[in-house]
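Enquirer: So the chains spell out like this:
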Amino acid sequence: MASVHTETNGPEQPTPGAAESSLTVAGEELRGTSSPKQEANRHSVQLRVNTQLHAVDLDPRTTLLDALREHLHLTGSKKGCDQGQCGACTVLVNGRRINSCLTLAVMHESDAITTVEGLGTPDRMHPMQAAFVEHDGFQCGYCTPGQICSAVAVLDEIASGVPSHVTVDLARPIALSETEIRERMSGNICRCAAYPNIIEAIRTVAGGRP
Amino acid sequence: MKAFTYERPASAAEAAAAAVRIPGAKFIAGGTNLLDLMKLQIETPTHLVDVNSIGFDRIEPTDQGGLRIGALVRNTDLAADPRIRRDYGVLSRAIVSGASGQLRNKATTAGNLLQRTRCPYFYDTDMACNKRTPGSGCAAIGGLNANHAILGASEACIATHPSDMAVAMRALDASVETVAPSGASRSIPIADLHCLPGNTPHVETVLEPGELITAVTLPKPRGGLQLYRKVRERASYAFATVSVALIAKIEEGRLTVDRLAFGGLAHKPWRVEQAEHAVAGAVADSIADVVLSGARPTEQNSYKLPLVRRTLAATLEHARAGASR
Ligand SMILES: Cc1cc2nc3c(=O)[nH]c(=O)nc-3n(C[C@H](O)[C@H](O)[C@H](O)COP(=O)(O)OP(=O)(O)OC[C@H]3O[C@@H](n4cnc5c(N)ncnc54)[C@H](O)[C@@H]3O)c2cc1C
Ligand code: SF4
Ligand code: FES
Ligand code: FES
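Those protein sequences? They're chains A and B, same order as listed.
Just so we're aligned, residue 1 is where the first sequence starts under the numbering used here, counting upward by one.
Just so we're aligned, residue 1 is where the second sequence starts under the numbering used here, counting upward by one.
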C-alpha cells in the first residue's frame, strides 16, 4: 500500500514583502502559483508519483512540473524552457514520456507518474542511470534526468513498434539503430552537447536487452 | 497565466454544453499548444473544459471501409496503429515528422488540427498582430517573414498553419466530426475546416463556439505509394518550411499523381486538385506551375518557390524508386 503524504500551502506562502510589489505579483501569476484572491479556486489532487500517493492542494494553473518540484520537492525533473522545447522536464506518465511543463497537475489525478527519482536511487540505479554514469553521458547534468526518462521510454517505444521519422519500412518491426535513437531523442536538448556519450549510454542498455 | 476554473466532464455532450455555459471557456486536450499560449497570455480562457475523460480515444472501422479516429487519440498511437501504417502511410509519416516523441505522446488528433500558428509575432505580445489582437496590424508584413505564407495570404495576415498531420489528412480527404452544445452533430470536410485569413485572421476555423471535435474520419484506403517529405531548418524537431504529402500510383510503369497537398505554404493545408490529374506523367515542374500559379511571396520567402519545385521533384523521384518515405 502506498502511503499518503499530505501537503498544504507551504510553497505558496508569499515571500515577505512580495505582496507590495505589483511586479512580483505579476511574476507569481506567470509562474502559475496563486495570488491571494484566487485562494478559493483550489483543487485537491491525488498524485501518484513513484508509487507514492501525495494529496496536494493546488491552484489549477500549476503545471505537473511545478507540482513535482515546488510541492512534492522532487527536484530531479528540471525546468529548462517551460515551453515543450528542451525535454529537461520529461517524466513518464503511465509508462509514456511527456513534457511535464506542458500539462496541468490537475489533469493527472490517478495517473502513475515516474520521475528520475523513481527510476532508481544512487545505491540502486536503473540500468539507464548506471549507463549514463559509466559513459559520461553528461557534463553539467541539467538535462540528464529528462534524458534518462526519455531514453528509458525510447527503448520501450522501439520495442512496441512505434515508428519514427527515420523508420525505413512502416510494415516491419523497427530495427534498433543509432539513427533511430538519435531521431527519437531529438526532443531532449543538451546544452553541453554530451550527445555522443548519451547515445553510447543508450546503446549499451539497448544492447543488453534480449 | 491568467486564473481559470477547471472541470473534467465525462461525456462529449457535457463538454460541449460546459464550453458555452461559461463565457471564455476553452477545451483542453493534450494541452501542448494551449498551455504554451496561456503561459504567454496569448490565450486567456476563464474556464478549462478538460476533454480527456469523454472517450473518443479509439480508432474504429467505418461502414464505408474507412477509419474513424477519435478526437482524443494521441498522435503517437495514430502513427503507430497497424491499419494506419498499412493503408494510410502518408498520415503515419506526417505525424512522426512533427514535434518530439514526448509531445506526440500527449498531442491529440483534434488538438493537432487546431494548433495555432508559429508566427513569431503572434507569440510576441509586444508586437502588432491581427490574429492575436484584431485590428492591431501585422508585424510580419514588413518584418521578418521568411517562414510565412506564399499562397492564400491577405493584407491582414501572412501566417502559415503549422500542422504536419493536417497536410496528410487533407491529401486523404478526411472529414471532421463535431458535436455542438445543442447536441447537433455534423461532418466537415477537412478542406473546409480551416479558413483563409482574409480580414479576420483571428477566425481560424468554421467551428462554432462550444463545438467539439469528436472524431476525424478517413475514407476507405486509396492504396498507392504514400510519402511525406518535410523540409526544415534542421533534421529533426522543427516546423516545416515546405512539406509535401503525396499519394502516387504506378500504372503501366508510369508514375501518376493521385493526391498532393502541401504544408508550410498557407494558412491551411494546401491542396490544388487541378494539379493532381491535369499533368500526365507526374512532371514536377508542370505540377508546381499549377500549384504556384497564384503565389505571392515576400522578398524574404520567395525561396519557397524553387523549394516547392525541388521538394516535389525529390518526392516524385522517391516514389519512382518505390520508396515509402
Ligand atoms: C516544441 C514544439 C514543437 C512542435 N513541432 C511540431 C511540428 O513539427 N509539427 C506539428 O505538426 N506540430 C508541432 N508541434 C505542435 C503539436 O503538434 C501541437 O501542440 C499538438 O498537436 C496540439 O495537440 P493538443 O492535444 O496538445 O492540443 P491542445 O493544446 O490541448 O489544444 C489545442 C487547441 O485545440 C482545441 N481543442 C482540443 N481538443 C479539441 C476538441 N476535441 N474539440 C474542439 N477543440 C479542441 C483547444 O481548445 C485548443 O484551442 C510542436 C509543439 C511544440 C511545443
Ligand atoms: S502574419 Fe498573422 S499571425 Fe503573424 S503577425 Fe501577421 S497577423 Fe499576426
Ligand atoms: S522545461 Fe519542459 S520541455 Fe523544456
Ligand atoms: S549535460 Fe549540461 S545540458 Fe546536458
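Keep in mind that a hint or two might mislead.
[Stated by the list, open to error] Chain A regions said to be covered by chain B (calculated; three or more residues, Cβ under 8 Å): (1) 65-76; (2) 98-104.
[As the list claims (entries may be wrong)] Here are the simulated BS3-like cross-link-like pairs (lysine-lysine), alpha carbons at most 25 Å apart as the crow flies: (3) A:K79 to B:K2; (4) B:K39 to A:K79; (5) B:K26 to B:K2; (6) B:K26 to B:K39.
[What the hints assert, rightly or not] In silico contact screen, one side only, chain B against chain A (beta carbon under 7 Å); selected entries: (7) T5; (8) T32; (9) T76; (10) A80; (11) G89; (12) N105; (13) C195; (14) P306; (15) L307.
Think of the hints as simulated: they come from the structure by calculation, not from any bench.
Ideal placement from N, C-alpha and C gives every residue a C-beta, glycine not left out.
Enquirer: Which numbered conditions among the earlier hints are violated in the structure presented, ordered from lowest to highest?
Expert: Result: hints 1, 13, 14 and 15 break, sorted rising.
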